[in-house]
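Chains as they are written, first to last, in the working numbering: chain A, 1 to 247; chain B, 248 to 568.
Simulated from the structure, these hints should not be mistaken for laboratory data. It should be emphasised that the depicted structure is a prediction, and the values quoted were computed from it without experimental measurement. Where hints are given, some of them may not hold.
Listed next, with one range per pair, are the computed distances between beta-carbon atoms [to be verified]:
no., chain 1, residue 1, chain 2, residue 2, range
1, B, 504, A, 66, 33 to 43 Å
2, B, 466, A, 195, 48 to 58 Å
3, B, 248, A, 234, 50 to 60 Å
Below, a list of computed lysine-lysine pairs in the DSS-like style, where the Cα atoms sit at most 27 Å apart [what the hints assert, rightly or not]:
no., chain 1, residue 1, chain 2, residue 2
4, A, 245, B, 540
5, B, 385, B, 565
6, B, 525, A, 245
7, B, 563, A, 245
No residue lacks a Cβ here, since even glycine has one placed at the ideal position from N, Cα and C.
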Amino acid sequence: MKILVCVSKTPDTTAKIAFTDGNTKFDEAGVQWIINPYDEWYSLVRAIELKEANPAATIHLVTVGNADAEPIIRKALALGGDEAIRVNTDSSDAYYIAAQIAEVAKQGGYDLVFTGKETIDYNGSSIGGMIAELIDAPYISLATKFDLNGTTATVVREIEGGEETAEVALPLVVSCQKGVAEQRIPNMRGIMAARTKPLKVVEPAAVDALTTVVGFELPPAKAGVKLVAPDNVEELVRLLHEEAKAI
Amino acid sequence: MSVLIFIDQTEGHVKKSSLEAITYGADLAKQLGTTAEGIVLGTVTEDLSALGKYGVTKIHQVANETLNHLDAQLYASVISEAAAASGANVIVFSHNQTGKAVAARVAAKLKAGLVAGACALPDTSNGFVVKKTVFSGKAFANISIQSSVKVISLNPNSYKTVATEGTAAVADFAATVGQPRVKVTAVNKITGEVPLTEADIVVSGGRGLKGPENWGILLDLAKELGAATACSRPVGDAHWRPHHEHVGQTGVQVAPNLYIAIGISGAIQHLAGVNRSKVIVVINKDPEAPFFKAADYGIVGDAFEVVPQLTAAIHKLKAGA
Numbered sequence: 001m002k003i004l005v006c007v008s009k010t011p012d013t014t015a016k017i018a019f020t021d022g023n024t025k026f027d028e029a030g031v032q033w034i035i036n037p038y039d040e041w042y043s044l045v046r047a048i049e050l051k052e053a054n055p056a057a058t059i060h061l062v063t064v065g066n067a068d069a070e071p072i073i074r075k076a077l078a079l080g081g082d083e084a085i086r087v088n089t090d091s092s093d094a095y096y097i098a099a100q101i102a103e104v105a106k107q108g109g110y111d112l113v114f115t116g117k118e119t120i121d122y123n124g125s126s127i128g129g130m131i132a133e134l135i136d137a138p139y140i141s142l143a144t145k146f147d148l149n150g151t152t153a154t155v156v157r158e159i160e161g162g163e164e165t166a167e168v169a170l171p172l173v174v175s176c177q178k179g180v181a182e183q184r185i186p187n188m189r190g191i192m193a194a195r196t197k198p199l200k201v202v203e204p205a206a207v208d209a210l211t212t213v214v215g216f217e218l219p220p221a222k223a224g225v226k227l228v229a230p231d232n233v234e235e236l237v238r239l240l241h242e243e244a245k246a247i
Numbered sequence: 248m249s250v251l252i253f254i255d256q257t258e259g260h261v262k263k264s265s266l267e268a269i270t271y272g273a274d275l276a277k278q279l280g281t282t283a284e285g286i287v288l289g290t291v292t293e294d295l296s297a298l299g300k301y302g303v304t305k306i307h308q309v310a311n312e313t314l315n316h317l318d319a320q321l322y323a324s325v326i327s328e329a330a331a332a333s334g335a336n337v338i339v340f341s342h343n344q345t346g347k348a349v350a351a352r353v354a355a356k357l358k359a360g361l362v363a364g365a366c367a368l369p370d371t372s373n374g375f376v377v378k379k380t381v382f383s384g385k386a387f388a389n390i391s392i393q394s395s396v397k398v399i400s401l402n403p404n405s406y407k408t409v410a411t412e413g414t415a416a417v418a419d420f421a422a423t424v425g426q427p428r429v430k431v432t433a434v435n436k437i438t439g440e441v442p443l444t445e446a447d448i449v450v451s452g453g454r455g456l457k458g459p460e461n462w463g464i465l466l467d468l469a470k471e472l473g474a475a476t477a478c479s480r481p482v483g484d485a486h487w488r489p490h491h492e493h494v495g496q497t498g499v500q501v502a503p504n505l506y507i508a509i510g511i512s513g514a515i516q517h518l519a520g521v522n523r524s525k526v527i528v529v530i531n532k533d534p535e536a537p538f539f540k541a542a543d544y545g546i547v548g549d550a551f552e553v554v555p556q557l558t559a560a561i562h563k564l565k566a567g568a
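Given these sequences and hints, build the entire structure.
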């Protein structure tokens with residue numbers, strides 16, 4: 001059993017969102033970087049649990065990014081995983097990134113590829129589906145539960161207005177969200193072990209990026225809250241009806 | 248050249264998010280001087296020709312029962328086949344659960360640039376630039392697609408549906424439908440409730456409500472408004488409410504017209520799930536609650552007194568209207 005877990009570096013959830021260079025670049029000044037929470041809390045932890053149940057399994061982590069991503073991938077290795085692969089390139093195009101991971105996945109012959117349901121910076125939910133298409137594997141998106149019985153996975157996934165349970169034979173690509181696993185904190189042993197785990201750097205495959213970010217915009221600032229007295233809810237209803245036209 | 252819109256259906260019905268995608272696709276077709284066509288997979292009970300009133304002129308239907316359940320691989324292959332047959336150069340999805348599973352596969356299959364989570368029509372004055380939400384609704388990015396075929400998935404609740412006159416020509420599309428590799432064994436629809444991600448109004452409760460036994464006042468308000476109910480992360484984690492109601496960075500992200508937060512302090516992780524709401528109302532007894540900074544309207548007061556009065560006042564408004 002070989003599992004590939006996709007890990008992305010994202011700004012911390014509480015990071016101030018601002019842009020530089022004429023609004024073409026994310027302002028990294030003072031920003032704390034973290035493992036994308038969906039990658040860490042759900043897909044990585046679930047992979048670790050699968051390995052705990054089946055110690056013969058191996059977990060490889062993959063990230064697409066420049067050397068700045070290495071502290072993040074070491075942090076992920078401190079939680080678990082046997083080794084990591086960093087594809088040495090930086091891009092914001094989902095197809096370009098997915099094609100790099102698909103290349104790693106093809107060469108490694110993985111039974112399972114895990115991604116988070118989205119990254120908290122681009123919110124595209126695109127990488128998993130693209131990898132699946134590029135390696136010709138089934139894709140389960142928005143999984144809330146993942147179990148394995150031999151080479152068949154039983155997955156619960158979110159659909160519009162509910163959930164459904166599905167069975168799929170491996171190999172398989174899954175995007176994970178809340179429910180799949182619970183967040184873990186790395187322990188000292190894991191942090192020490194992570195220092196010596198192999199971190200392979202590979203050069204990117206020749207792939208055309210299909211999109212580019214032209215620029216960023218911040219939403220217009222809120223005008224400020226209009227407070228209504230607690231004994232005057234009729235006024236709130238009037239404002240919502242006449243001014244905001246929300247009810 | 249045309250715009251092809253994937254029309255998602257659940258149990259035979261076309262959902263609101265798809266009507267938004269149709270309106271968006273039809274407006275885009277107009278902008279590009281071409282026609283908008285739709286594709287529907289699986290068996291439907293609805294009269295599809297009526298979707299013409301949202302601007303689509305032709306609908307390709309693949310009424311094959313195999314497609315009643317989502318298998319992203321099969322869906323992507325059929326949609327790509329239809330896109331080639333209709334000469335589509337833009338394919339539009341809703342960025343709903345199905346769209347998130349399928350749009351990326353179609354994009355990779357056709358080597359088409361994808362903008363996932365679009366919130367406005369593309370700017371085609373110089374190239375093809377699509378605006379999308381990023382950083383969980385805290386900013387927007389303008390993304391240029393360079394490939395000749397383009398895929399866009401539209402954020403639910405970000406484009407207004409407009410119904411006018413018109414009928415669409417519905418024709419069977421003879422697609423190659425392979426064997427599904429995803430076998431759906433159980434479907435668990437949350438019945439009798441408004442699905443959270445589709446709701447126009449969301450009423451959400453936090454720890455300020457003190458316990459699950461106090462949710463009645465919130466449910467009454469939601470019922471009066473025809474709203475979906477939601478909760479903050481601590482409430483979900485404490486099992487006061489089901490997990491699927493948890494709204495926030497790591498839960499569900501919503502973008503309703505109206506979000507009413509009751510007894511929620513408004514941690515940044517919670518705001519990340521509600522930033523895209525059009526109007527935010529906060530009811531909290533703590534005037535320092537950070538949520539007030541993100542709100543349009545607020546009441547500093549005791550939820551147990553304010554909420555029942557609010558329900559009554561809305562009832563009065565509706566009775567009078």
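Okay, the hints, checked on the actual structure:
For the hinted restraint 33 to 43 Å between residue 504 of chain B and residue 66 of chain A, the CB-CB distance of approximately 41 Å keeps it satisfied. Between residue 466 of chain B and residue 195 of chain A the beta carbons are some 52 Å apart, a value that agrees with the proposed interval 48 to 58 Å. For the pair residue 248 of chain B and residue 234 of chain A, the beta carbons lie near 54 Å from each other, so the given range of 50 to 60 Å is met. Note on residue 245 of chain A and residue 540 of chain B: the hinted pairing holds, with a Cα-Cα distance of about 21 Å set against a maximum of 27 Å.
Distance restraint check for residue 385 of chain B and residue 565 of chain B: the Cα-Cα separation of roughly 34 Å exceeds the 27 Å cut-off, and the hinted pair is therefore not satisfied. Between residue 525 of chain B and residue 245 of chain A, the direct Cα distance comes to roughly 11 Å. Compliance with the 27 Å bound is thereby established for this hinted pair. As the CA atoms of residue 563 of chain B and residue 245 of chain A are separated by approximately 16 Å, the hinted pair is consistent with the 27 Å bound.
The structure fails to meet hint 5 from the earlier list, while all remaining hints are met.
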